[in-house]
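Enquirer: Assemble the whole structure, with the sequences as input and the hints as a guide.
If you use the working numbering, the sequence shown corresponds to residues 9 to 334, in order.
Read the hints as simulated data drawn from the structure, not as lab findings.
Please read these numbers as outputs of a predicted model, since none were measured by experiment.
Each statement offered as a hint is correct.
Beta-carbon label-pair distances, calculated as ranges:
#, residue 1, residue 2, range
1, Glu247, Gln285, 19 to 25 Å
2, Ser82, Glu44, 16 to 22 Å
3, Ala239, Asn212, 23 to 29 Å
4, Pro245, Leu178, 29 to 35 Å
5, Asn29, Val134, 26 to 32 Å
6, Glu143, Val255, 36 to 42 Å
7, Glu143, Glu96, 24 to 30 Å
8, Glu247, Asp183, 27 to 33 Å
9, Ser107, Lys231, 44 to 50 Å
Taking lysine to any residue pairs in the SDA-like style, the calculated list, with each CA pair at most 25 Å apart, reads:
#, residue 1, residue 2
10, Lys287, Leu256
11, Lys157, Asp145
12, Lys157, Tyr215
13, Lys48, Ile97
14, Lys231, Asn276
15, Lys198, Gly286
16, Lys231, Glu306
17, Lys287, Asp258
18, Lys124, Lys176
19, Lys287, Gln266
20, Lys176, Phe103
21, Lys287, Ala197
22, Lys157, Leu50
23, Lys198, Asn135
24, Lys48, Ala35
25, Lys124, Leu178
26, Lys48, Thr83
27, Lys124, Asp145
28, Lys48, Asn135
29, Lys176, Ala239
30, Lys48, Thr38
31, Lys157, Leu46
32, Lys157, Asn212
33, Lys157, Leu105
34, Lys287, Arg253
35, Lys287, Phe117
36, Lys48, Gly64
37, Lys231, Gly251
38, Lys48, Met66
39, Lys48, Phe153
40, Lys231, Glu216
All C-beta atoms, glycine included, are put in the ideal place defined by N, C-alpha and C.
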Amino acid sequence: MNNQTNLPTGILPSQSLVDYNAEITQALQTGFEFTELLNKTLQTSSANELLSSIQGLMQLNLGSNQVQFPHQYSTADWFLLFATRLLEINGVDDFSLASAPDHEELGVFLAGTGTKVRYQFSEATVNGAYFTEIESDKQLFYLDFAAHKLTFNSQDIIDFFMVQPVTKILPAESDQVITILLNFANVLAKTLDFEIDYSILETNNDYEYETVSFDLPSQILDKLFIASATANVLMQPVESGFGARLVLTDELEVRFLQNDNYQQINSNWHFEVIDAQGKASLLNVLVNFPFIQRWYLENRSILEIQPAQPTIVDDVKVEVLQPRSI
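Expert: Have a look at this one:
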């Protein structure tokens with residue numbers, strides 16, 4: 009209290025709203041940084057610049073007590089914008105990015121499944137997110153910004169393409185979607201040096217798709233023999249190891265076997281796909297040859313491809329596949 013004027017102790021008018029003004033200024037500056045990053049995201053032709061600007065958008069905290077930005081896109085949306093822009097930069101256009109008409113949310117439709125299936129990213133943090141089919145909630149791959157890695161999820165991929173209760177996906181449609189997913193993975197590897205674990209989508213002829221099984225009931229091969237005979241495909245013994253081989257076309261062969269050391273403990277069975285053009289994966293075989301698909305699904309608990317080992321990053325389960333000897 010000022011005894012001379014009977015007024016309470018105050019502050020100079022020039023200092024009265026400094027903090028208030030600073031908070032507004034900072035929020036507006038953050039908004040300006042946001043628009044710069046978004047412009048860069050939408051206009052750049054550089055994969056590295058795209059990644060850095062998207063990560064910048066994810067890390068910005070828009071708004072304050074004084075300045076509100078009520079309409080904002082989510083971290084999952086930034087992942088999807090990154091993926092589709094990366095494809096666009098690299099000349100891939102067999103997709104359609106869509107925005108919700110009444111709120112800020114992105115989704116994408118892929119050639120093959122068209123408008124009957126919509127995809128988004130889910131369980132997103134700044135470190136990574138799952139590419140997910142919305143209706144079935146199947147997570148097809150995990151995109152890990154922190155580790156610079158993309159990991160395909162073989163179990164959900166099988167469920168989505170072959171055990172889909174809602175939407176029937178035809179083989180030709182599956183092949184188109186698979187091609188787009190592989191294009192995205194290949195672009196990531198080529199332009200940003202991401203590590204890719206293709207799992208059931210691997211097309212390397214030397215790759216071994218390990219199953220969960222060490223011990224195989226004898227009737228499993230018997231069932232394959234019957235199924236192949238019905239399809240007029242001759243099942244033959246493998247040249248090395250123990251198992252069977254099926255020559256599906258002049259250029260395509262699939263093998264199911266244990267290696268020469270199959271008598272050793274913990275020697276898993278595995279699939280091999282030998283394609284003269286180097287384009288076919290085990291998933292392509294399962295999708296396009298119904299008798300193998302039926303045999304696989306009927307005996308899935310034994311034939312399932314080796315599952316991922318979950319780890320936790322920011323409370324999100326991340327699929328990290330076990331190492332395989334190739």
